[in-house]
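Put chain B on the given structure of chain A with help from the hints.
So the sequences go chain by chain: A and B. Residue numbers for the first sequence follow the numbering used here, beginning at 1296 and rising by one. Residue numbers for the second sequence follow the numbering used here, beginning at 1296 and rising by one.
Hints should not be assumed to be uniformly reliable.
In this list, chains with the same sequence are indistinguishable; a pair is considered to hold if it fits within one copy or across any two.
Unchecked claim - Derived DSSO-like pairs: lysine-lysine, alpha-carbon spacing no greater than 30 Å straight-line: (1) K1498 to K1514; (2) K1703 to K1679; (3) K1679 to K1319; (4) K1465 to K1498; (5) K1319 to K1577; (6) K1514 to K1429; (7) K1465 to K1703; (8) K1703 to K1478; (9) K1319 to K1703; (10) K1703 to K1385.
Rather than coming from a laboratory, the hints here were simulated on the basis of the structure. It should be emphasised that the depicted structure is a prediction, and the values quoted were computed from it without experimental measurement.
2 protein chains.
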Amino acid sequence: MPARIILIVCDGLGDRPIGDIGFKTPLEASRKPAMDFIAANGVCGIMDPIAPGVRPGSAPAHLAIFGYNPYEYYKGRGIFEALGVGVDVKPGDLTFRVNLATVDDHLTVIDRRAGRIGGDDSRMLFHLLNDELKIPGVDIYFYPGVEHRGVLVIRGVGLSWMVSDTDPEKDGEPILKCRPLDKGVEAERTAELINRISFESHKILSKAEINRRRVSEGKPPANAILIRGASFYEPVARVDERYGLKACCVAGGSLYKGVARYVGMDVVEVKGATGTYNSDFKAKVEACMKALDSYNLVYMHFKATDLAGEDGDYRRKIEIIERIDDALYMLLDRVEDCIVALTADHSTPCSIRTHSADPVPIAIAGPDIRVDDVGRFEERLCAKGGLSRIRGLDLMPILLDIVNLTHKYGA
Amino acid sequence: MPARIILIVCDGLGDRPIGDIGFKTPLEASRKPAMDFIAANGVCGIMDPIAPGVRPGSAPAHLAIFGYNPYEYYKGRGIFEALGVGVDVKPGDLTFRVNLATVDDHLTVIDRRAGRIGGDDSRMLFHLLNDELKIPGVDIYFYPGVEHRGVLVIRGVGLSWMVSDTDPEKDGEPILKCRPLDKGVEAERTAELINRISFESHKILSKAEINRRRVSEGKPPANAILIRGASFYEPVARVDERYGLKACCVAGGSLYKGVARYVGMDVVEVKGATGTYNSDFKAKVEACMKALDSYNLVYMHFKATDLAGEDGDYRRKIEIIERIDDALYMLLDRVEDCIVALTADHSTPCSIRTHSADPVPIAIAGPDIRVDDVGRFEERLCAKGGLSRIRGLDLMPILLDIVNLTHKYGA
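Here chain A stands alone, though its shape is the one from the complex:
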C-alpha cells in the first residue's frame, strides 16, 4: 500500500486561557468531535514550530513543518507571495510584496490600500508600470494579486534582500526610504534601486488616466506603491526528491500555496477556498480526499482560526474551530489507511491578537501508531501525550518513519 499522509494545519490555532470562558482556550471550549477522534486514535503532543519561545512567522513555521530548516531556507516573505500568486520566478530573483496606495503631494500615505482597489483598475496600473518603469541594468516585473496587492520581481546581478520596507504600515505616515540592512555594497545598491522604483512609480501612476477617472468618480487614486518583504529566490530540493512523496497543497491563502510551491508541492485549486472567514471548509476537505488518489502527502491549511485570533475574537475562533471540525468529520474513516497529522503553525492568542510562541497541539493518527490515552485535541491535554514535546522540524522525519519512507542512519 502506498504511503498516504494528510497534514492538517489550522493556522494560529493555539491560544491562551481566557477568563470569560472559564479560563479555557478556544480549542478547549469548542465542540470538536472529529479533532477529538484524531487525538483519541492517535499519539499526541505539543510542538514548538521553530523552538521554545520563538514566535514563528507563518512562512518560517511552515518551512519547519515541511522539514526545511527556516534558519537555512527562509530568506524573506516576498518569494512565497510571488509563488503563491503563480509568478514564474527564476533563481536569483529578488521579490517583494507591493500595495497600490494613495499618497498626497508630500508622499504621505493617505490610504495604504487605495480604497482596496482591485479588478481591472489594479491590473491595468500594474501593466502601466511594467510598460513604463525601466531602469538600466535590471529587469522589473509587476504582477497583480488580490485587491490592492501585487508582487514586484527584480532580476539582475549584485542584488541583496537585506533591505528595509518602504511601507510605513499605517496611514498618515510618509513613504519610507528603503535602507540597506547589512554593510554589503549589494544591499546599498538594492536600497537605491528600490527608492528609485518607489519614486518613478509614483511619477508614472500620478499621470495615469485611470487615476484621473478614479478621482472624478470620488475614489482614491492609486498613485504610489508600497514595497515590503524583500526576499531572495533560491530553488530547493523538492519534497518528492527529499522524501519520495508526491505532495500537494489544499489552501486558500496565497502565502501557504507559495510555501507549498517553494518546497515542490502541487497546488490543488479549490473553488470557495478563500483563506478568509467565508472559506468553504467542506470543499477543501473534499478536495483533500480526492487528492489522496494521486498524492502521497496532502497538506491542508485552514486560515480562519488565525484571523479570529488576530481579531481578538474568541467566540469567532470557537465558531471557526467547530466549522472546521464539522468539515473534517468526513475524513475520519481515512484514519484506517492514512496517517492523519493535525496541528497548527503557531498560536495566535486572542488576548494578544498576534502570534505567540505557546506550543501548539499535535495529534498523529493512523495505522501502526503508538496510540496514547489522550482523548481530546486540546493544548493542555495533548501536552500529556506520547509524543511529549517536539519541534516543527521533527514532524516530517517522524511522519516519514511511520510510513517507512526513511533510511537508516549508519549501520
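Relative to chain A, chain B alone:
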C-alpha cells in the same frame, strides 16, 4: 563511595502496537517484574537515540548513548567490527567487513556465506589471503571472525572510506564493482584498490586446496570475498578521560564490543554470551555484577530482542524479554548503591522487521533519583515519566550528573 553505573541496552527493544496481542507492544505484553522494578524505582522517559524521526543504525546509536556525537564520530561500521574481533588497528587504517562467499565463473554470488563456513577452513583461507595477496604501496591484513565473517584492514596513505560495497547483499547477483562515493582522488584510488583485492582474492581462493576438498565433500567452496562497511579509524578520547569513569562492556555481538573498545571500554569476555538467541543472559548479568567491583560503568548489551524484531516474531520477542528480565532479577538489589539505566539503542518493530525511529523507553533507578509514578517499563507508560523525551546524547551527561561526576558550566 565510588560512582557505579550499570547501563543496560536491550537491542531493538522498542516496538509498535501489534493487533494480534490487543494492540500492545511486545514489551507491554511481557511479564517483566525486574524491568518494572527499575521503572517503579526510577525516573522514566522516552529517548530518541539520535533525533526524532531518525532511524538509527546500531553503531551510531551506541556512539550517541555513550556520549559521542555520531555525526562527528561515525565513519563507517567496519572499524567497530574490527575492534570487536580484537584486531589491533592503527590510526588511519581503513577497515571493512568481509564475507567468505561462493561465486560461479561469472562472479555471480551463489552463496553469500559459503555455507556458513567457519572454523579451520575459514581461518586457513584468510591465512592464505594474508600470505599471497600483495599489492605494492599498501599493507593488507585479513582477520577471521565468526562463521563466514572476517575483517579486512588496509594500511597505507591516501586512502578514503568513501567507497561503496562489493557485497550485492543477496544471492544470485554479481559481485559489485567498488565505486568512489565522493569526488576525491583518494576515493577513486581506494575503489580501484578494493576492486583489485576483490579480483586477486578470487584468483587465490579459487586455487586453494581447501576449496578443492570442500567441493569433493559436497560443500560450497569459499572462492571469493564480499567487502562492505568501509570505515576509517581515528582514535577518540576514552570514556575514562572524558568522564573519569573506568568502564567495561558485557556483550556477545562483536559490533557492540567494538563500539565499546572504540570509546575506550574494556571488554569482559563472558562464556555463553553469543549475541544470538541462545546467549546465556544469566552469565552476562553475573559478569556485570562481578565487574562492578572494578569498574565504575558497566555497559551490558542484549542482542536477541533485535533479532526477534528482525524476524518479525513478536512471540519470540516477548519470550526473550521475559528471559532477559529473569536474568536481570539478581541485579535488583544493586539499585541500592548503583545507578541502573535501562533502555534500548533503537526500536525494531516486528511489523516492519527493521529499525525504526520510534523512541525507546528509558528508566534510571538508584540513589538520589527523582523517582516518578511510572510503575512499568513500557514504551507508552515511560512517555509519561519524569525524564520526558530526551536524546541519546543526553544520557551520559544525565548519568554523570546523577553520580556527581560532572562539572559546573560557568560560575
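Okay, the hints, checked on the actual structure:
Taking CA atoms no more than 30 Å apart as the test, K1498 paired with K1514 passes inside one copy only; the shortest distance there is 19 Å, against 91 Å between copies. In this assembly of identical chains, the alpha carbons of K1703 and K1679 lie at most 30 Å apart whether taken from the same copy (29 Å) or from different copies (27 Å). In this assembly of identical chains, the alpha carbons of K1679 and K1319 lie at most 30 Å apart whether taken from the same copy (17 Å) or from different copies (19 Å). Proximity of K1465 to K1498 under the C-alpha cut-off of 30 Å is restricted to the intra-copy arrangement: shortest distance 22 Å within a copy versus 73 Å between copies.
With identical chains, the CA atoms of K1319 and K1577 are at most 30 Å apart within one copy only, with a shortest distance of 27 Å there and 36 Å across copies. In this homomeric assembly, K1514 and K1429 come within 30 Å of each other (Cα to Cα) only inside a single copy, at 28 Å, whereas the closest approach across copies is 83 Å. When the C-alpha separation of K1465 and K1703 is checked against a cutoff of 30 Å, the pair qualifies only between copies, where the shortest distance is 19 Å, while the shortest distance within a copy is 52 Å. Taking the closest pair of Cα atoms, K1703 and K1478 come within 30 Å of each other only across two copies (24 Å); inside a single copy the shortest separation is 44 Å, beyond that limit.
In the homo-oligomer, the alpha carbons of K1319 and K1703 lie at most 30 Å apart only across protomers (25 Å), although the nearest pairing inside one protomer, at 42 Å, exceeds that limit. With identical chains, the CA atoms of K1703 and K1385 are at most 30 Å apart between copies only, with a shortest distance of 28 Å across copies and 35 Å within one.
The structure fails none of the hints (numbered hints given earlier).
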